[in-house]
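Engineer: So the chains spell out like this:
Number of protein chains: 2
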Amino acid sequence: MNKISPFAPSKYPDICEISGMKFATFAAAIKYSHRDDVFLASFCQNTVAAGVFTKSKCPSAPVDWCKKILAKPYARALLVNSGNANAFTGKKGEETVKLSAQLVGENLSCKKEEVFLASTGVIGEPLIAEKLIPAIKKCASNLKPTPLINGAKAIMTTDSYPKIAFAKIIIDGQEIKIAGIAKGAGMIAPNMATMLSFIFTDMAISKNILQQLVETYVDETFNSISVDSDCSTSDSLLVFATQKASERGVRPIININDKRLNIFSLALKKIMHNLALQIVKDGEGISKLMKISVFGAKSRKSAKKIAFSIGNSPLVKTAIAGEDANWGRVVMAIGKAGEPADRDKISIYFGEYEVARKGEISPLYCEKTLAKYMKNPEIDIKVNVGVGDKSATIYASDLTHDYISINADYRS
Amino acid sequence: MNKISPFAPSKYPDICEISGMKFATFAAAIKYSHRDDVFLASFCQNTVAAGVFTKSKCPSAPVDWCKKILAKPYARALLVNSGNANAFTGKKGEETVKLSAQLVGENLSCKKEEVFLASTGVIGEPLIAEKLIPAIKKCASNLKPTPLINGAKAIMTTDSYPKIAFAKIIIDGQEIKIAGIAKGAGMIAPNMATMLSFIFTDMAISKNILQQLVETYVDETFNSISVDSDCSTSDSLLVFATQKASERGVRPIININDKRLNIFSLALKKIMHNLALQIVKDGEGISKLMKISVFGAKSRKSAKKIAFSIGNSPLVKTAIAGEDANWGRVVMAIGKAGEPADRDKISIYFGEYEVARKGEISPLYCEKTLAKYMKNPEIDIKVNVGVGDKSATIYASDLTHDYISINADYRS
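Those protein sequence lines, which keep their order, are chains A and B. So for the first sequence, this note's numbering puts the first residue at 131; every next one is plus one. So for the second sequence, this note's numbering puts the first residue at 131; every next one is plus one.
I should point out that these hints are in silico values taken from the structure, not numbers from a laboratory. Just to be clear, a hint being listed does not mean it is correct.
Any copy will do: because identical chains look the same in the list, a pair fits if it lies in one copy or spans two.
EDC-like cross-link-like pairs, simulated, lysine to aspartate or glutamate; straight-line CA separation at most 20 Å [as the list claims (entries may be wrong)]:
1) 197 x 472
2) 400 x 519
3) 512 x 482
4) 222 x 260
5) 198 x 474
6) 498 x 454
7) 161 x 497
8) 488 x 225
9) 399 x 482
10) 274 x 345
11) 241 x 225
12) 198 x 472
13) 152 x 305
14) 475 x 225
15) 431 x 302
Pulled out of the complex, with its shape left as it was, chain A reads as follows (with noise of 0.2 Å):
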């Protein structure tokens, strides 16, 4: 077993029934063992679906299906494994796949092409249906309202707690629900084929919006995190709304402009950053968070490439774990970027402690300080590249013993 992360959260929100959906997990030993490891989510009928996923070349067969039948209007299903990716398994990784919509939508009773499927865990070993087929059929036979952190226990892999955030809002005087799981990730290059995320609400919206909401957030999110979010061959973020608050009278969302539409993309956002943050929170071997913000910079994506350069630097990250304050590397992290950057203007703050101005030495730096500083769990980098305006913001662990201990020998 891992050791549980530092950041673990103490309690768990309680997560209420959300009307329209229900959920329901079972043990199919496909890799592990003594634990839950399948996933199903059933949805109402006019369920819409909205997703985001990998840009690796090599995507996995869930995701190619996925990708493909997002373009479907509605969605009644999602099944998730965890302990195999069903990532370069070729024709055979496909055939699962199909099958396993296949037989989702027989016994839920609607189109294969209305089941969202996701898997995580080890890639280039086949998925071997045989072990799906009992599950689908438990799970079916056992959806139930709660509790949800069900689920987000199932598809942990080297995750070292679940992850779930919830959210209530009111819109047109009713209370809509916004409930999210995911599951973590890998340090610094994602773990296997890593990260998923599903947020379900009751919610009345119409898909496109919900598209356009996820698509937008996302940039600040998950793909904010030093877990190279864009790189895994799974990567998967889907987002159901089962549309159930229209029975209670809640006018659905179709428009852009609607002023309402603030108030459930503030509370999806939130979710949103809360997942990825738990997910970088529990990033292999962390023992200290990071939050890296570049300012005057040409472009937010030049701030951004910035920022991820120095967070998953592997010297800033030994850094960091080692509780030295070493700005220097910070200076080589923003100079390999290749962004634009004024070395003579460069400022770099620790927490409040100015340790560079105009490209050298801060004359306020002080080493006993700074050494205080970062014994703190969470360190706060600021770096001001003097060429711009614009800034961004990302999350990243530090780089320890025990990534090298977890990873060295996962697979064996």
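Starting from the known structure of chain A, fit chain B onto it as the hints suggest.
Structural biologist: Below, chain B alone, put in the same frame as chain A:
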């Protein structure tokens, strides 16, 4: 002290005198004690220099200086220190550079613009010129034609062994010598301010042609090792040719089509390759060396990017360190490179063993055979991405507990 790399050579070439140059070293206690940390080389009149430098947006003061003086026709000296990179040191850094060059010039009766400089070590701490003054004077009065290995030792930082290479060639019936020294690098990103390499020859060759050779060969040598050599603030490769061979009757090479150039350029490329490989073989904490070849790519650039995506992936590196033939992580790294690749045509070999074929596990895959292969100190990974006919090969070190230990407390 860091552990000695398992790839450290058991003996070093005996480098004899290269006509037209002399060397000296000195212990200036810039950072290290009980060892030499300053290296001075002096060259005869008519010596020409060629060089390539870091592409970092935050280059060190010595790099700025060398880039500027490389436009001048002649080189008369090279001064190198370890322990401090003189990078991100603002005006002070610039002044130290000028003062050092001037002082060398005074002591060796040449212009300051004929004095090349390099510094390697911690970033952001001012390099005190006062420490260099006695070192320069002492070195200048102590110059000798051999042994060059003392220079290789003086420029080391976290290197576990000095890196030297030597070749003799015959042109126009005369023996020409080429000797090179280098200092090593961290494993993934450059250690601090990292890669320095200096090559010395008595060849008679024009500055212009020498520069073309260096620029051509750097791509396949120093820029094909997984130390992200274009990223550090101080990476410098300088080649000095004293022209002394012309006194022995060797006609100077002044034409790129001169047939005799092949002999020299091949030897130069070999020296560069040899030194580059020595650097990666001394990567911090290295336990295994990876040779990664990518075939079937759209372009050489694309092949190289995919190869580096594999060689720089912490998950691939940790798997190799753990002797795990985890080719799924290789797939992940191919996918995240973002370069053209046909998932369903990809094949992967570990050594001579096919592990993946046409986008899935190979029918020849044998865990036991692979497990045995993975115990080798050098692991050969071959990938065909199935979209073209271009290829590239890079070398990378693995990622171990020793890397973390070295880097989590380097500065303190």
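Engineer: With reference to the structure, classify each hint as holding or not holding.
Structural biologist: Results for each hint:
Within a single copy, residue 197 and residue 472 get their C-alpha atoms only as close as 42 Å, which misses the 20 Å cut-off; across copies the closest is 18 Å, which meets it. Taking identical chains as interchangeable, the C-alpha atoms of residue 400 and residue 519 are never at most 20 Å apart, the minima being 25 Å within one chain and 47 Å between chains. When the C-alpha separation of residue 512 and residue 482 is checked against a cutoff of 20 Å, the pair qualifies only within one copy, where the shortest distance is 9 Å, while the shortest distance between copies is 48 Å. For a Cα distance limit of 20 Å, the shortest separation of residue 222 from residue 260 inside one copy, 12 Å, qualifies, whereas the shortest one across copies, 70 Å, does not.
Taking the shortest alpha-carbon separations for residue 198 and residue 474, only the inter-copy value of 18 Å comes in at or below 20 Å, while the best intra-copy value is 50 Å. For the homomeric pair residue 498 and residue 454, the shortest alpha-carbon distance inside one copy (11 Å) is at most 20 Å, but the shortest distance between copies (43 Å) is not. Only between protomers do residue 161 and residue 497 lie at most 20 Å apart by alpha-carbon distance; the minimum there is 18 Å, versus 49 Å within a single protomer. With identical chains, the CA atoms of residue 488 and residue 225 are at most 20 Å apart between copies only, with a shortest distance of 16 Å across copies and 59 Å within one.
When the C-alpha separation of residue 399 and residue 482 is checked against a cutoff of 20 Å, the pair qualifies neither within a copy, at 27 Å, nor between copies, at 49 Å. Proximity of residue 274 and residue 345 under a CA criterion of 20 Å is satisfied in neither setting, with 30 Å inside one chain copy and 66 Å between copies. For a Cα distance limit of 20 Å, the shortest separation of residue 241 from residue 225 inside one copy, 16 Å, qualifies, whereas the shortest one across copies, 74 Å, does not. For a Cα distance limit of 20 Å, the shortest separation of residue 198 from residue 472 across copies, 18 Å, qualifies, whereas the shortest one inside one copy, 45 Å, does not.
In the homo-oligomer, the alpha carbons of residue 152 and residue 305 lie at most 20 Å apart inside one protomer (19 Å), although the nearest pairing across protomers, at 83 Å, exceeds that limit. In the homo-oligomer, the alpha carbons of residue 475 and residue 225 lie at most 20 Å apart only across protomers (18 Å), although the nearest pairing inside one protomer, at 57 Å, exceeds that limit. Taking the shortest Cα distances, residue 431 and residue 302 never come within 20 Å of each other, neither inside one copy (37 Å) nor across copies (56 Å).
Of the hints listed earlier, those the structure fails to meet are numbers 2, 9, 10 and 15, in rising order.
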